[in-house]
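**Q** Spelled out from the first residue to the last, the chains are:
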Amino acid sequence: MDFFPEMGISASGLNAERIRQEVIARNIANVNTTKSSDGGVFRRQLVELVSQDAGEDGEVSAVSVAGVVPDPSPLRQVYDPSHPDADEKGFVSKPNVDVMMEMVDMLGATRAYQANVTALQSAKDMIRRALEI
Amino acid sequence: MNTGPVEGWFYQMQKAMDVLDAQHRVIAGNIANVNTPAFHKLQMDFKSEMTRLMETSENPRDKMELRPVQRGVTPDEGSIEWVPATTQDTTTPGRPDGNNVSLEKEMVDLAETNEVFSTLSRVAGKNLRIMRYVITGGRS
Numbered sequence: 004m005d006f007f008p009e010m011g012i013s014a015s016g017l018n019a020e021r022i023r024q025e026v027i028a029r030n031i032a033n034v035n036t037t038k039s040s041d042g043g044v045f046r047r048q049l050v051e052l053v054s055q056d057a058g059e060d061g062e063v064s065a066v067s068v069a070g071v072v073p074d075p076s077p078l079r080q081v082y083d084p085s086h087p088d089a090d091e092k093g094f095v096s097k098p099n100v101d102v103m104m105e106m107v108d109m110l111g112a113t114r115a116y117q118a119n120v121t122a123l124q125s126a127k128d129m130i131r132r133a134l135e136i
Numbered sequence: 023m024n025t026g027p028v029e030g031w032f033y034q035m036q037k038a039m040d041v042l043d044a045q046h047r048v049i050a051g052n053i054a055n056v057n058t059p060a061f062h063k064l065q066m067d068f069k070s071e072m073t074r075l076m077e078t079s080e081n082p083r084d085k086m087e088l089r090p091v092q093r094g095v096t097p098d099e100g101s102i103e104w105v106p107a108t109t110q111d112t113t114t115p116g117r118p119d120g121n122n123v124s125l126e127k128e129m130v131d132l133a134e135t136n137e138v139f140s141t142l143s144r145v146a147g148k149n150l151r152i153m154r155y156v157i158t159g160g161r162s
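The listed protein sequences correspond, in order, to chains A and B.
End of the first sequence sits at 136 in the numbering used here; the numbers just go up one at a time, nothing left out.
End of the second sequence sits at 162 in the numbering used here; the numbers just go up one at a time, nothing left out.
Among the clues, some could well be false.
The list that follows gives simulated cross-link-like pairs (lysine-lysine, DSSO-like), each with its CA atoms no further than 27 Å apart [to be verified]: (1) Lys127/A / Lys37/B; (2) Lys92/A / Lys148/B; (3) Lys38/A / Lys92/A; (4) Lys38/A / Lys127/A; (5) Lys127/A / Lys148/B; (6) Lys127/B / Lys37/B.
Think of the hints as simulated: they come from the structure by calculation, not from any bench.
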């Protein structure tokens with residue numbers, strides 16, 4: 004009876020959801036950023052999650068963050084000729100961040116985080132019960 | 023065959039707790055991957071194993087015994103070694119990103135696994151205490 008691998012699985016879930024939460028927070032904070040560190044308009048960022056495949060003997064999968072990638076969907080175009088970053092037609096490219104979408108994602112990440120905490124507590128509980136036999 | 027006063031039930035209980043441990047691991051993996059795109063949830067297939075057990079066994083008493091087995095190894099014909107395999111559920115429809123983990127079901131299964139595990143451990147503890155009482159004649 005070996006509980007430590009599955010505590011590692013829950014820990015990987017906690018880590019993945021926390022990273023999602025950070026990326027969402029960054030997206031929301033930069034909803035109007037027209038100049039990011041790499042020069043262009045800030046692009047909404049997405050977190051790529053992958054599960055480590057279940058092996059032949061039925062080992063279950065942890066989750067890992069494969070990367071944080073920019074969302075390729077088109078930027079918002081806002082008409083504001085007085086903006087310093089306006090192009091010759093008077094349009095400013097604004098980040099493709101929809102705050103409502105980010106809020107919904109945040110709810111999902113929070114709920115998943117709580118579920119992983121419960122799974123971890125449950126594993127700890129089972130260890131404690133086994134020791135009390 | 024383990025039928026002694028300690029080996030019989032205690033051994034079976036140990037095996038049952040091992041199975042519950044494996045199930046807990048499956049559930050933890052599903053919860054960790056609740057947001058992973060295209061992830062098919064894993065499940066332990068108890069029903070088909072129990073059906074196979076009941077159909078192939080001749081001795082009614084044998085139906086309830088658990089034996090030490092390797093996880094994932096197909097038992098020989100006529101033996102009653104029982105191991106629920108972990109399979110991917112590719113039939114349940116998923117969300118648009120392909121993920122078919124139902125968080126509610128996993129949480130309920132988690133709570134149930136935990137409760138059964140703690141019940142088993144309490145029963146095991148109680149039986150051991152009774153045994154100790156018998157061995158020491160009540161003077162412990």
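**Q** Look at each hint and say if it fits the structure.
**A** Here is how each hint holds up against the structure:
{"no.": "1", "hint": "Lys127/A / Lys37/B", "verdict": "20 Å, holds"}
{"no.": "2", "hint": "Lys92/A / Lys148/B", "verdict": "81 Å, violated"}
{"no.": "3", "hint": "Lys38/A / Lys92/A", "verdict": "19 Å, holds"}
{"no.": "4", "hint": "Lys38/A / Lys127/A", "verdict": "47 Å, violated"}
{"no.": "5", "hint": "Lys127/A / Lys148/B", "verdict": "21 Å, holds"}
{"no.": "6", "hint": "Lys127/B / Lys37/B", "verdict": "25 Å, holds"}
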